[in-house]
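Peer 1: Chain residues, written in single-letter form:
Number of protein chains: 2
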Amino acid sequence: MQVLIPFHKIIQGCLMRKRFCSFPFSVRLGVLKTALLTGLFAVTGSASLVFASDSDDYAVIRAAAEKGKAASIARLKEWIALPSIAAEDLNMPEGAEYMRKLALDAGFDAAEVVPTEGHPGVWATMDNGAERTLAVYFMYDVKQYDPAEWSSPPLAGKIIDKPGFGKAMVGRGAVNQKGPQAMLLAGLHAMKEAGVKPPVNLVLVAEGEEEIGSPHFKQIVSRPDIMAKLKESEGIFIPIGWQDDKGNVGVNLGAKGIVELELVASGESWGRGPEKDIHSSLKAMVDSPAWRLVQALQTLVTSDGNTPAIDGWFENVRPLTEREKELIGQAAASSDEATRKKLLGVQHWIDDLPYQQALERLASQPTVNIEGLVAGYTGPGGKTILPGRAVAKMDLRLVPNQTRAEAEAKLRAHLDERGFKDVEMKIGGGYDPTETAEDSRIIQAEMATYRRAGVNATLNPRLAGSWPGAMFTAPPLSLPAGQFGIGHGSGAHAPDEYFVVESTNPKVAGAVDAAMAFVDFFYQVAEIE
Amino acid sequence: MQVLIPFHKIIQGCLMRKRFCSFPFSVRLGVLKTALLTGLFAVTGSASLVFASDSDDYAVIRAAAEKGKAASIARLKEWIALPSIAAEDLNMPEGAEYMRKLALDAGFDAAEVVPTEGHPGVWATMDNGAERTLAVYFMYDVKQYDPAEWSSPPLAGKIIDKPGFGKAMVGRGAVNQKGPQAMLLAGLHAMKEAGVKPPVNLVLVAEGEEEIGSPHFKQIVSRPDIMAKLKESEGIFIPIGWQDDKGNVGVNLGAKGIVELELVASGESWGRGPEKDIHSSLKAMVDSPAWRLVQALQTLVTSDGNTPAIDGWFENVRPLTEREKELIGQAAASSDEATRKKLLGVQHWIDDLPYQQALERLASQPTVNIEGLVAGYTGPGGKTILPGRAVAKMDLRLVPNQTRAEAEAKLRAHLDERGFKDVEMKIGGGYDPTETAEDSRIIQAEMATYRRAGVNATLNPRLAGSWPGAMFTAPPLSLPAGQFGIGHGSGAHAPDEYFVVESTNPKVAGAVDAAMAFVDFFYQVAEIE
Chain A
1 MQVLIPFHKI IQGCLMRKRF CSFPFSVRLG VLKTALLTGL FAVTGSASLV FASDSDDYAV
61 IRAAAEKGKA ASIARLKEWI ALPSIAAEDL NMPEGAEYMR KLALDAGFDA AEVVPTEGHP
121 GVWATMDNGA ERTLAVYFMY DVKQYDPAEW SSPPLAGKII DKPGFGKAMV GRGAVNQKGP
181 QAMLLAGLHA MKEAGVKPPV NLVLVAEGEE EIGSPHFKQI VSRPDIMAKL KESEGIFIPI
241 GWQDDKGNVG VNLGAKGIVE LELVASGESW GRGPEKDIHS SLKAMVDSPA WRLVQALQTL
301 VTSDGNTPAI DGWFENVRPL TEREKELIGQ AAASSDEATR KKLLGVQHWI DDLPYQQALE
361 RLASQPTVNI EGLVAGYTGP GGKTILPGRA VAKMDLRLVP NQTRAEAEAK LRAHLDERGF
421 KDVEMKIGGG YDPTETAEDS RIIQAEMATY RRAGVNATLN PRLAGSWPGA MFTAPPLSLP
481 AGQFGIGHGS GAHAPDEYFV VESTNPKVAG AVDAAMAFVD FFYQVAEIE
Chain B
1 MQVLIPFHKI IQGCLMRKRF CSFPFSVRLG VLKTALLTGL FAVTGSASLV FASDSDDYAV
61 IRAAAEKGKA ASIARLKEWI ALPSIAAEDL NMPEGAEYMR KLALDAGFDA AEVVPTEGHP
121 GVWATMDNGA ERTLAVYFMY DVKQYDPAEW SSPPLAGKII DKPGFGKAMV GRGAVNQKGP
181 QAMLLAGLHA MKEAGVKPPV NLVLVAEGEE EIGSPHFKQI VSRPDIMAKL KESEGIFIPI
241 GWQDDKGNVG VNLGAKGIVE LELVASGESW GRGPEKDIHS SLKAMVDSPA WRLVQALQTL
301 VTSDGNTPAI DGWFENVRPL TEREKELIGQ AAASSDEATR KKLLGVQHWI DDLPYQQALE
361 RLASQPTVNI EGLVAGYTGP GGKTILPGRA VAKMDLRLVP NQTRAEAEAK LRAHLDERGF
421 KDVEMKIGGG YDPTETAEDS RIIQAEMATY RRAGVNATLN PRLAGSWPGA MFTAPPLSLP
481 AGQFGIGHGS GAHAPDEYFV VESTNPKVAG AVDAAMAFVD FFYQVAEIE
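Protein chains in written order, with the UniProt record's numbering: chain A, 1 to 529; chain B, 1 to 529.
Treat the hints as calculated values from the structure; they're not laboratory data. Watch out, some of these pointers could steer you wrong.
Since copy identity is lost for identical chains, a pair holds within one copy or between any two.
[Unchecked claim] Derived SDA-like pairs: lysine to any residue, alpha-carbon spacing no greater than 20 Å straight-line:
(1) K342 <-> E275
(2) K276 <-> A156
(3) K276 <-> T378
(4) K421 <-> H348
(5) K426 <-> A413
(6) K426 <-> P380
(7) K426 <-> G379
(8) K276 <-> E149
(9) K218 <-> T125
Assemble the whole structure, with the sequences as input and the hints as a guide.
Peer 2: Below, the structure written as structure tokens:
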């Protein structure tokens, strides 16, 4: 998911979940072993370990999952070895075709590559003659990587020891999102092997441009037959594996929207300053696009850099509801602020806010962020040039009821109003904020599955990150949408990204439990009121 | 010279010289050939072709220069093959030792490597029993380069055709400054071969840190015996080869000073924001060092980015003198503004100034320039991070009577006053502005040599670029200092830097004429009143 720079974000996720942890966990290994036939984890104090599915079926499926474990881990390793990176136009048709085959192998009746004006997606269906249909969202692309920064080759899928967790596979895409997706496929392989049909019909929609902001994903879901099938579903979810070391997970009821863009000041567009870099001594008689960019940028936020100052930016911002504040209040009260600060390398929140207010700000406030600055000479030391071009890489995070289109239009108008018509906005991608109701069947099924597995799941009113959920939650689809899964990985977008395949932590799922959680989730969606 | 991004700057130089071009040039090749024995160029209309030196000696020296031409070109090629780059700590002791040997080979009696706290310099002396001593400044370092941007390998010294000029050697350092320096050495080799002692004593001081702002050069010139010898001299000069296609040159009476520095905002120094890059979604609760930098930067200049707004910046700025304005007025009147704009890729000067005012601004105004911006993610596309660190690479050009120390102190005070104590100033190097009197013996000798060679030389009140001339012109040395030489090269700091070794342009010197110009300059310095 583009949402996550895994390392930091997952830390954030872990800590957010940690602070929701409200009931005591005490796991004994003996109990766990026994429990493996009936539940994902046996947790003393957990009242509901009865499966929605027929327990014989479930035991057979679990046995198949155990048997298929090595194949499932090999499947993930092979997938990691084929990186599709839209930003680099790397292995895009290959990645789509691979995704299609993965779906067919896992038991989908039909799977096809869906062309777009950008890179293709994949659409797959599995009609199990069930009453309900569940939709799954996959991404087959991964983030760029620099092998020099990795401890082992990013495409090798090396298995390493991850103290506190167990054995983990290291590779680009391991947690974002091939690992969790491979676990869902493993669950389907196990059902196929066991000869048990999933209790829901499944449809799978995959894209290869998630890491560049899903610029053509709408073309995929808008295809009439795809849209019709999606509309029939109970909702859609992304497989995740974000348990923290206590086994906790969060259930997000929504996420911020985002616009990723470059603001570019250049002599070419401005008609002032040089078209290309010239010698810096000429600054005394020639205008500077770099200063132009700085001057345009500083109008976008308050002087502390923390609040958007773009004209009309807050017009449609909806304040937190009482329920949202309540959930955040619980979070603040039960979590360890000092540890979170330490892990983030942050000494103060904005305005020295107390933690609860900082978390309210995190959930409720739109942001205007500088991801990167690039102008002129960027190497070691200096070089006496007056750059012809300067770029700020930005992301704008949006909250309900802002929209991406509104944000783009308002930023343009703001710049124009101040005479910065020449400062170009190069939109990379983005999506609207997304929200899913707490009482939707998919959220309720998630909570039930976690509960039955003894996993502490806490409701998070809004992910401060972003994912293209609005594609599903907004009209015309208007579907509930969420993330679901157990297991653990980290390092999305960072070096040494990993996903745990053998857990030595009784509270964290390994490959088989992670796969079985998806199986149980299917039953929950099928059977929940 | 750090002064020059050759391509643009030399273009600028060419044009500046062109506009001074006031008397008709008409050169016939037959005349030129004949003239080679008595002068550098025979120019009809030039009244003084009588040499200060004995003409027999001169003919013998010239014959030796012709004979040594191939060796002189080979010497340049070999020197280019050994790049010394202080910023990369590349071949620094090797470059100094090579410089030392070059001096000895050319006839210096003594030459030694002079250690500093940084990279070493070289000091060489040649006592010719003459009344007067002339000091020469060399740099043995070159600017960084990226071979991928070059048409031929930057260390290969390939000879190519340069239409309008002749055959040129392509290589890093070709014009900045190894080519012109090699021509001076060639002149000395010719005198040695001819058995003629230079009519002046020579001292040579070389450094290897010119391209990083000469941070340790003062340690070299401050050595008591070196300072004593330099003080005895008539003045000091840098060899150059900046003739334009009409053969014109400029004589600079001074140059701006410079401070090169990085301004760095970071979570580490600020105590706010993250220590390292974190996920951009956290912007809603975490401060941003990148915004911090933008806010600090925008206080440094007026809103158009063109005038320094640092507290007290103009306190010691001396306005142009009437004589300086007069020289600039002549320049503006006689030059081709449209061509210059086109070559620079600039449509308007600052404030749409007319050319003369733009040139006055160029000569008279201090600048605060952004050389480069670097923060967070700088690759293709975007990456959703909140960077822990942001850097602006800056250069501040200074005019008389500003000083580097004053500029550094005022910038620090300005930032502190506005609460930006955390924004670090990492000084790369710099030097004070420099001025040399028009009536100094060295400037008069330059003008006389150019005149006798039929080269149109025009007085430029102040180079907008910078060179460490103040090291010489300011106390305790208080020497006149200038640039001198003919020949042509371009592309300093840029790909495909070159220096003409065989001229097919009768107005531009090739290797032999360039060498002989230095020989004649020695005579002028020896004999001028």
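Peer 1: With identical chains treated as interchangeable, where does the CA-CA distance between K421 and H348 reach 20 Å or less: within a copy, between copies, both, or neither?
Peer 2: Intra 37 Å, inter 17 Å, cutoff 20 Å: inter-copy only.
Peer 1: Checking an output row: K426 and P380, CA cutoff 20 Å. Within, between, both or neither?
Peer 2: Intra 28 Å, inter 12 Å, cutoff 20 Å: inter-copy only.
Peer 1: Have a look at K342 and E275 and pick one of within, between, both or neither, based on CA distance no larger than 20 Å.
Peer 2: between (45 Å within a copy, 10 Å between copies)
Peer 1: 20 Å Cα cut-off: does K426 pair with A413 within a copy, between copies, both or neither?
Peer 2: within (15 Å within a copy, 37 Å between copies)
Peer 1: Between copies, within a copy, both or neither: which fits K276 and E149 at Cα up to 20 Å?
Peer 2: Close across copies (15 Å), not inside one copy (32 Å); limit 20 Å.
Peer 1: At most 20 Å between alpha carbons: which applies to K276 and A156, within, between, both or neither?
Peer 2: Neither. Shortest intra-copy (42 Å) and inter-copy (27 Å) distances fail the 20 Å Cα cut-off.
Peer 1: Between copies, within a copy, both or neither: which fits K276 and T378 at Cα up to 20 Å?
Peer 2: For K276 and T378, the Cα distance is within 20 Å both inside one copy (15 Å) and across copies (19 Å).
Peer 1: One pair to classify: K426 and G379, alpha carbons no more than 20 Å apart. Within, between, both, or neither?
Peer 2: between (24 Å within a copy, 15 Å between copies)
Peer 1: Can you tell me if K218 and T125 fall within 20 Å by alpha carbon in one copy, between copies, both or neither?
Peer 2: Classified as within; 18 Å inside a copy, 76 Å across copies.
When held up to the earlier numbered hints, the structure conflicts with hint 2 and nothing else.
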